[in-house]
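2 protein chains.
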Amino acid sequence: MSFMQALHARWNQAGTLVCVGLDPEPAKFPARFAGDPDAVFAFCRDIVDATAEFACAFKPQIAHFAALGAEGALERLIAHVHAEHPGVPVILDSKRGDIGSTAQHYATEAFDRYAADAVTANPYLGRDSVQPFLDRADRGVVVLCRTSNPGAGDLQDLVVDGRPLYQHVADKVANEWNSHGNCMLVVGATWPEQLREVRAIVGDVPFLVPGVGAQGGDAGAVVTHARTADGSGLVISSSRAILYASSGDDYAEAAAREARALRDTINRAH
Amino acid sequence: MSFMQALHARWNQAGTLVCVGLDPEPAKFPARFAGDPDAVFAFCRDIVDATAEFACAFKPQIAHFAALGAEGALERLIAHVHAEHPGVPVILDSKRGDIGSTAQHYATEAFDRYAADAVTANPYLGRDSVQPFLDRADRGVVVLCRTSNPGAGDLQDLVVDGRPLYQHVADKVANEWNSHGNCMLVVGATWPEQLREVRAIVGDVPFLVPGVGAQGGDAGAVVTHARTADGSGLVISSSRAILYASSGDDYAEAAAREARALRDTINRAH
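Protein chains in written order, with this note's numbering: chain A, -10 to 259; chain B, -10 to 259.
Pulled out of the complex, with its shape left as it was, chain A reads as follows (with noise of 0.2 Å):
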């Protein structure tokens, strides 16, 4: 099963378009963590486990590994999904993009070394920079469009034949770059307006929306301006609020009322 046939199934299934992030700070970890060498890891898989039910999808964000040198907790976490809760896909997080015969190290990367079922990418360096993401038919590919945070628009906003960049790049990924109907747009939760926006251009592209919870967006109105015809077409990010909400031992059971509370909010704004 390709990832988008995965992440049909998965919405059908369970009924949820929660994406749980997964964005280690050992920092934030329970004191029972404190001098656990497999620290990074073991939270994780609890965060995992007690979430998977209400998860469309798990996004490990590779900054946070890479910083820990933690490239094994996160090859070990993803191979942990995958054999715990085969239904629910991997989207890694990495936003990689570079020069064609390079990207094709990236694709290894995501796709091979670590067995993620889709990718972020970044467009700036255009469609070769993508292609050996895309080439991967059974992967997703997540192209960046309106991001999450407050600068966003620097460049995203930049008015081109009278349209802001960030729908021609929308454009060029659902009209030229899906055509192995793998690709996926990241339209951040903080920016509703421009989320209609995309929807209207881009058919039913399904979305990643980051940006609920720490930073601020509402999952209500991500449902309401973005949802497809079907009320899916969505992938509902959130990552701090679900893993750090509790810093007590109870941490895997506040984490799971997180999601679950994200869940629902998301299914009643239908």
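Source of the hints: derived by calculation from the structure; they are not laboratory data. Heads up, the beta-carbon is just placed ideally off N, CA and C, and yes, glycines get one too. Check each hint, because a few of them may be wrong.
[As the list claims (entries may be wrong)] Which bits of chain B does chain A cover? Going by a derived footprint, with three or more residues having C-beta under 8 Å, they are: (1) 109 to 121; (2) 135 to 149.
[To be verified] Quick list of the computed label-pair ranges, beta carbon to beta carbon: (3) 242(B) x 168(A): 16 to 24 Å; (4) 71(A) x 25(B): 26 to 34 Å; (5) 16(B) x 27(A): 41 to 49 Å; (6) 21(A) x 148(B): 55 to 63 Å.
For this one, chain A is given, so just place chain B on it according to the hints.
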């Protein structure tokens, strides 16, 4: 000494604008490395030691290490450059870009974990995504402007207010993001006219220029189009043409010959 001071000192003292790109691909290594579990480090170390006298910088490209799970080799390689060739700065080519809280982890990855002197960064997410790099005033931040690949123009040439996007990036970096004087720009050797145009916009901001050698850019044209008034301002990077100059036991000598030849070609163009 900051990265920018070190780069200027190296230009002046060694009389070279050549950057040796370190893109290890074990399939291209000389036969003597077959079966060597430490081949990635050992091959790159030999190239570094053979070419250092002709180099103003080394540029390891991180995807080539990550695809192999060779982060440890990359750490040791950069440590080796610092220990054995302390005047030659290391630019980690990773083209990272993410929201500010995550970009902070990428800055930790590049500058603390790997101890790189400079890092390449993608501007698509806007200034706040680059700020954690900019804030490290002693390190360099090399922002993608006009990349060397065939598809560079897909986004970078889109016209905003009468000039292409890459010129807006050049302008922002030189006039807004460079308050610590630690910025550079990536402009590909494959685009001589664009090199000239960007130079006209940014004054003495140095360029990292990939694309000579295997990608077909003309080193002489780079110099005539983009040098600064003092004849420097350029870090002209060649990877494959140096690394894989010979597949025999003379790989290190051949790499040194190529690096010296590129230095001489560049210096003759002055």
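Verification of the supplied hints:
1. 109 to 121: Our answer is that it holds, as 8 residues pass the Cβ test (under 8 Å) against chain A, meeting three.
2. 135 to 149: n = 13 at 8 Å, threshold three: holds.
3. 242(B) x 168(A): 16 to 24 Å: 46 Å, violated
4. 71(A) x 25(B): 26 to 34 Å: Given about 32 Å between the Cβ atoms, the range holds.
5. 16(B) x 27(A): 41 to 49 Å: Roughly 34 Å apart at Cβ, these two residues miss the hinted range, so it is violated.
6. 21(A) x 148(B): 55 to 63 Å: 56 Å, holds
The structure shown violates the earlier hints numbered 3, 5.
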